[in-house]
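**Q** Sequence:
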Amino acid sequence: MRRGMLVLAAAAAFGLGAPAASAAPTEITFGGISFTPNDVTVNFVPGENTFEWNRDEPVAKTFHSVTSTGGNFGVGPSSFTDFDLRASAGTYPYYCVNHGSGGSGPMAGVVAVRPIVTGADNDSYDVVWADGGTQTGSTFEARWKKDGQDKWKRWSSFESNGRTFGQQDKPTDVKQNKTYLLQIRSRFPGTSKWSPKLTLTQPS
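For the sequence shown, our numbering begins at 65 and goes up steadily by one.
Do not rely on the hints blindly, as some may be mistaken.
Unchecked claim - Here are the in silico distance ranges between beta carbons for each label pair:
(1) Thr203 with Ile97: 31 to 41 Å
(2) Asn162 with Glu91: 18 to 28 Å
(3) Glu112 with Lys257: 14 to 24 Å
(4) Gln213 with Pro267: 15 to 25 Å
(5) Asp195 with Asp103: 17 to 27 Å
Just so you know, the hints here were simulated from the structure itself, not pulled from any lab data. Idealized CB from N, CA, C, for every residue including glycine.
Start from the sequences, fold in the hints, and give me the full structure.
**A** Written out as structure tokens, the structure is:
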């Protein structure tokens, strides 16, 4: 099967119309004691800001922050009006230090970034989880499992922005008619939670 056809098949498996498509950053507004929306999941887009927080109240009213619970990013508390973030793959709970009670209060949220497939062939997938401009990690941990299995398996820790899943049978020998699940966690600075699952499916 041609590589391009496999890329589209893999993209369809995890809900993309096309792999690595350009997309505008997701806007999150903040003010009072809330972030809106407060739970956002996107696919990684190379070369683009991932999230933009914009204040929707008078600047002088209150001091806010956007603070990752894992230490991956943060701004404030101050009277800032906007905050842009280019995030690598991972899940990032965050909160306002003045109104979020350490992540359990009303002014808290979660942003999540799923890794993407940029190329594929009959026994491998090119997976990307970061680029040179992402701000939430310089080291990345990867884990995987076959669909239907309960236990995740460690793939490796990487300082690269992506890797070929299945190259030289690592972390596994990719087979047709098999579905594989992959998650990434970003580290340094901080440590994110595991990303939303990327589904890799080899068509027959």
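**Q** Okay, Gln213 versus Pro267 on CB: inside 15 to 25 Å?
**A** holds (20 Å)
**Q** Given a hinted range of 18 to 28 Å, is it respected by the beta-carbon distance of Asn162 and Glu91?
**A** Roughly 22 Å apart at Cβ, these two residues keep to the hinted range, so it holds.
**Q** Given the hint of 17 to 27 Å, check if Asp195 and Asp103 actually sit that far apart at their C-beta atoms.
**A** holds (24 Å)
**Q** Does 14 to 24 Å hold as the CB distance between Glu112 and Lys257, or does it fail?
**A** holds (22 Å)
**Q** Could you tell me whether the CB distance from Thr203 to Ile97 stays inside 31 to 41 Å?
**A** holds (34 Å)
The structure is consistent with each of the numbered hints, conforming to all of them.
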